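Undergrad: Start counting the sequence shown at 29; every next residue gets the next number (this note's numbering).
In case anyone wonders, no lab produced these hints; they're calculated from the structure. Computed from a predicted structure; not experimentally measured. Among the hints, erroneous ones may be present.
[Claimed, not checked] Computed spacing ranges between beta-carbons, pair by pair: (1) 103 - 135: 23 to 31 angstroms; (2) 185 - 154: 17 to 25 angstroms; (3) 165 - 193: 43 to 51 angstroms; (4) 137 - 74: 13 to 21 angstroms; (5) 135 - 174: 19 to 27 angstroms; (6) 33 - 85: 17 to 25 angstroms; (7) 191 - 45: 23 to 31 angstroms; (8) 80 - 193: 20 to 28 angstroms; (9) 66 - 86: 17 to 25 angstroms; (10) 41 - 185: 37 to 45 angstroms; (11) 66 - 103: 44 to 52 angstroms; (12) 174 - 33: 28 to 36 angstroms.
Where a beta carbon is used, it is the ideal one built from N, C-alpha and C, also for glycine.
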Amino acid sequence: MARLSEHAAARWVLPAAIAAVAASFTAAVGATITDIGPWYQALIQPEWAPPTWLFGPAWTIIFMLCTFSGTTAWLAARSTAAFEAIIGLFALNGFLNLLWSFLFFRMHRPDYAALEVGILWSSIAALIVVLWRISRPAAALLLPYLAWVSFAAMLNRAIVELNGPF
């Protein structure tokens, strides 16, 4: 019995390590792009905007859930095609996540970011649909991410309306 649990635990090591490195890399690059300095502080925010301190913990939780989702999906993939779809969709999503931060915080173009966030949202929805066929728990782990990006999209749009044109 002990060998079985050691084997099961060993199966998780590589997928979990790769997923954690990928999520940590995306989070670290995103953090270097995100500057909540004078430009952001000068933007008029809607009354319902969350405090800026909430963004760090929220994204930390989201990236942890993405790590668990990616690991779970990887282990559930029954074919090379499924595995490649998982990796490809997560990679695309990571790129789109960073692109949004770059457009909003580095280029100071919330208007462009408001357009791009729809593509980011679609990439999360695509991940959920694809993962649902492979592993429902992996798909469900991404629902908070979809909800957070939905909220962020509304916040982004409100910032454009309150502060535009850019």
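Undergrad: Hint by hint, say whether it matches the structure.
TA: Evaluation of the provided hints:
Between residue 103 and residue 135 the CB atoms are about 38 angstroms apart, so this pair departs from the stated range of 23 to 31 angstroms. For the hinted restraint 17 to 25 angstroms between residue 185 and residue 154, the CB-CB distance of approximately 22 angstroms keeps it satisfied. Between residue 165 and residue 193 the CB atoms are about 44 angstroms apart, so this pair conforms to the stated range of 43 to 51 angstroms. Evaluation of the 13 to 21 angstroms hint for residue 137 and residue 74 yields a pass: the beta carbon distance comes to about 19 angstroms.
A C-beta distance of roughly 25 angstroms is found between residue 135 and residue 174, which places it inside the suggested range of 19 to 27 angstroms. Against the hinted window of 17 to 25 angstroms, the Cβ-Cβ separation of residue 33 and residue 85 comes to about 33 angstroms, which falls outside the hint. Against the hinted window of 23 to 31 angstroms, the Cβ-Cβ separation of residue 191 and residue 45 comes to about 42 angstroms, which falls outside the hint. At roughly 24 angstroms, the beta carbons of residue 80 and residue 193 sit within the given window of 20 to 28 angstroms.
Against the hinted window of 17 to 25 angstroms, the Cβ-Cβ separation of residue 66 and residue 86 comes to about 23 angstroms, which satisfies the hint. A C-beta distance of roughly 42 angstroms is found between residue 41 and residue 185, which places it inside the suggested range of 37 to 45 angstroms. Take residue 66 and residue 103: their Cβ atoms lie about 45 angstroms apart, and the range 44 to 52 angstroms holds. Checked against the hint of 28 to 36 angstroms, the pair residue 174 and residue 33 passes, with Cβ atoms roughly 33 angstroms apart.
Comparing the model with each numbered hint stated earlier shows that hints 1, 6, 7 do not hold.
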